[in-house]
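Enquirer: Residue numbers (our numbering), protein chains in the order written: chain A, 1 to 219; chain B, 1001 to 1226; chain C, 2001 to 2385.
No lab work stands behind these hints, which were simulated from the structure alone. A quick note: this is a predicted structure, and the numbers were derived from the prediction, not measured.
In silico BS3-like cross-links for lysine-lysine, where the CA-CA straight-line distance does not exceed 30 Å: (1) Lys19/A <-> Lys83/A; (2) Lys204/A <-> Lys83/A; (3) Lys2016/C <-> Lys1136/B; (4) Lys2372/C <-> Lys1019/B; (5) Lys186/A <-> Lys1218/B; (6) Lys31/A <-> Lys94/A; (7) Lys1008/B <-> Lys185/A; (8) Lys186/A <-> Lys1008/B; (9) Lys1192/B <-> Lys62/A; (10) Lys195/A <-> Lys144/A; (11) Lys176/A <-> Lys195/A; (12) Lys186/A <-> Lys1192/B; (13) Lys1218/B <-> Lys170/A; (14) Lys170/A <-> Lys195/A; (15) Lys94/A <-> Lys71/A; (16) Lys2375/C <-> Lys1076/B; (17) Lys1141/B <-> Lys2375/C; (18) Lys2375/C <-> Lys1164/B; (19) Lys1218/B <-> Lys176/A; (20) Lys171/A <-> Lys1218/B; (21) Lys1141/B <-> Lys2016/C; (22) Lys1009/B <-> Lys1164/B; (23) Lys2375/C <-> Lys1019/B; (24) Lys1116/B <-> Lys2016/C; (25) Lys2372/C <-> Lys1116/B; (26) Lys2372/C <-> Lys1076/B; (27) Lys185/A <-> Lys1218/B; (28) Lys31/A <-> Lys85/A.
If you anchor each label on the Cβ, the simulated ranges turn out as follows: (29) Ser2015/C <-> Lys1121/B: 27 to 37 Å; (30) Gln2018/C <-> Ala167/A: 47 to 57 Å; (31) Arg134/A <-> Ala1223/B: 16 to 26 Å.
In this text, a Cβ means the ideal position worked out from N, Cα and C, and glycines have one as well.
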Amino acid sequence: MNKNLMDFLSIIETENRYKALQFVLDRLEKKELSILEVYEEILAPALNLMVPSENENVDIWKEHVRTSIIKTILENAYPYVMKEKEEKGISISKTVAVLCPPEEYHNVGARMVTDILTILGYDAIFVDSNTPLRVIEAGMDIRKIDCIAISISNPYHLVSTRDIIEAVRKKDASVKIIVGGNAIKKAGSHADLLKADYIVTSLKELENLEGGTSHETII
Amino acid sequence: MRNVIELKKINKIYGSQVKTQVLFDLDLAIEEGSFNSIIGQSGSGKSTLLNIIGTLDQPTDGEVYINGKRTDQMNKNELATLRNETIGFIFQFHYLLPEFTALENVLMPYRIQYGKVPADKLKRANELMALVGLEKVKNNKATNMSGGQQQRTAIARALMNSPKIILADEPTGNLDSETTETVYNLLRDINKEMGTTFIIITHDRRIAETADRIIEIKDGRIALDI
Amino acid sequence: MKLSFNIALRFLNSSKGQTFLIALGIAIGVSVQIFIGSLIQGLQIDLVDTTIGSQPQITITSTSDDKLIGDYESRLSDISSDYEGVKHVSPSADGPALVTSDEENYSILVRGLSFEAAEGIYKTKERLVEGSLPENKNEVLIGTTLKDESGIQIGDEVDVLTSSGENQALTVTGIFDFQVANLNSSWVLTTLETAQSMFSYDDRITGIEMQVEDVFLADTISSDIQADLPEDLLAENWKDQNASLLSGLNGQSVSSYMIQVFVMISVLLGIASVLAITVVQKSRQIGILKAMGIRDSAASLIFVFQGLMLGIAGAILGILLGLGLAYVFTRFALNPDGTPVVPLYINPGFIALSAGFAIVVSTLAALIPARKSSKLNPIEVIRNA
Chain A
1 MNKNLMDFLS IIETENRYKA LQFVLDRLEK KELSILEVYE EILAPALNLM
51 VPSENENVDI WKEHVRTSII KTILENAYPY VMKEKEEKGI SISKTVAVLC
101 PPEEYHNVGA RMVTDILTIL GYDAIFVDSN TPLRVIEAGM DIRKIDCIAI
151 SISNPYHLVS TRDIIEAVRK KDASVKIIVG GNAIKKAGSH ADLLKADYIV
201 TSLKELENLE GGTSHETII
Chain B
1001 MRNVIELKKI NKIYGSQVKT QVLFDLDLAI EEGSFNSIIG QSGSGKSTLL
1051 NIIGTLDQPT DGEVYINGKR TDQMNKNELA TLRNETIGFI FQFHYLLPEF
1101 TALENVLMPY RIQYGKVPAD KLKRANELMA LVGLEKVKNN KATNMSGGQQ
1151 QRTAIARALM NSPKIILADE PTGNLDSETT ETVYNLLRDI NKEMGTTFII
1201 ITHDRRIAET ADRIIEIKDG RIALDI
Chain C
2001 MKLSFNIALR FLNSSKGQTF LIALGIAIGV SVQIFIGSLI QGLQIDLVDT
2051 TIGSQPQITI TSTSDDKLIG DYESRLSDIS SDYEGVKHVS PSADGPALVT
2101 SDEENYSILV RGLSFEAAEG IYKTKERLVE GSLPENKNEV LIGTTLKDES
2151 GIQIGDEVDV LTSSGENQAL TVTGIFDFQV ANLNSSWVLT TLETAQSMFS
2201 YDDRITGIEM QVEDVFLADT ISSDIQADLP EDLLAENWKD QNASLLSGLN
2251 GQSVSSYMIQ VFVMISVLLG IASVLAITVV QKSRQIGILK AMGIRDSAAS
2301 LIFVFQGLML GIAGAILGIL LGLGLAYVFT RFALNPDGTP VVPLYINPGF
2351 IALSAGFAIV VSTLAALIPA RKSSKLNPIE VIRNA
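With the hints as extra help, turn the sequences into a complete structure.
Expert: This is the structure we're talking about:
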């Protein structure tokens, strides 16, 4: 565990929103960490590494508070996202809609994906959590969507995700589908059932979409 | 963990003139002590699957093992005894006997098997009523209880003979969301504390989301198993 | 067993109205049976009593030329001691004669009786409407019809001409009424000795008459007696002489049985169909009980117990109802003299039989729904929620 994460954990343990925000913004401002590093090495682990206690309800309380702090950080990091995008200067004229399936309310991952895709040069739209199929279809009607990225936390939503993917393909076979999230990690090889074009298990893998290290163009 | 339920190549065909195949070569193994939820659209065959697991229905072919015993070749009396001792049922329409009080309903599985109720079993029934939070209404007739109370009584009844397996078909399907929460938490607690294996058919996201395993049945086959 | 009984009781208890109606249906069947049975039996007993109750039911006569039976004393005592069911054995010495009064001749049958022994058969004391029984030789009783027709009064001395042409003066000491015109006009009762001397029978008689405990066994007893009699003596019983009465009684019995059988069949069908409906009503409960592991046999027993309990309740209610009906009938359906039109015969054995029959029938009727419930598959109930 790196030092930054340990420091951050000790702050967020106290549920001090402002301190936590300052800690991250400070690292970004000093360019000690990139957005990708902040998301992958600090924020995501901070959410995933919560140790369950005896009392489930207290755990949910704590998780909610912590999620809310992370969201504050995400919103405030947006200027740095744009800054990194400009610095990178890549523009890929492809539109990616990032969303969660219906009834899936865990949107932090989707938000992070949107930011990373933005930095990578995509026109990334954060459609947010709990997005029913008819809403996705409506979005596809008003503008050209090249790719849909679906973030799924609970395996239960793999079922509706599979159905959404099937329906989207029926509507527009050219749309590429990316799936990711905790549910995908848990599902392991079962995730193939979704018939997505690309399965990502880390934010870093998003770099590979357009060639990248694997030289395999997905989108 | 060993498998408490094992299905091998289960086929189920209804009707003799017009044949409708509901389940296709279905294999399924359920671990002891696990909390499983079965999802699927109506008509997918999920209820048939649950009824076959519960020995209420027989597969057209295939093998069913409950607690290590093959059930698809047992006679009706052996099945009745197996159900009584090994399986607790919770249905959407709770199915209490309206002629009996809540406590008597809870005692019914014991009386079916052993007849007279000794003091320690009566104590257990009372404890189960307390567990589901119904000590105060335990002497009410089933018809004088709310839907949630009836469903909790059905849960207590399912637990009476300390079954290894509890099968529930839409246990919260008829309840409001607050009661659903109570019933769901109760099931989860029982699973954790007593190690009872649960297989629950549900449309309820909250139940399915927290299950150890989600099995989606689609067109008589397992479409998803996570 | 106990659980099935318990569930049956709860099922019955939970739909009290329905339970009461079924029990009432059985009860009405049982009460009709008891009432009709008691009525028919009462009617028969009354009819038999009036027809042959005051008559000998077995008569021994001689087939010898003189039609006389000698040495009868020992035979009388033999018959009363040797044959079970025989009561009131009485000798009679009968002979035809003519009586003249006011220049008119009346044909009569002089019947010499031992009044003491004959009392059991003819109940002469009861039948006596005027005067007293003959005590001395040549004293007689005449019937009311003869009295009215001939004008003979008590204390009159009448001349009687026997068939052998002998004249005898007899004194009338009393008037009887057997309520049968024929007897009232032709019979003249006197002592055995008077008749024996009038007709020169010496110490012989013309017949031995007797009644039996159970009138319907008269033919059997009669043939038993006949078997021990010498050839020239003939035992006859009332059944041989009253064939038409018997067939009437038989017809009555048969129609009574028919009514009772059909009443019970309708009760049976009623119970069976209502219980069949309750299986449908309770199919949910049966289904859930089976899901919980109750055996088919125990599930069936629930309905058998229901039939049994309904039968018992219906039988008890039916007995009360039937007896009540009987009481009302004997109380309000009266002759002008205040006696019941038909005296009912309350036979505890018959009532117990009717009640037992109803219980058996109800239980049997419950077998149909019991079978149905045994076949009920819990999956049907659960699937058709």
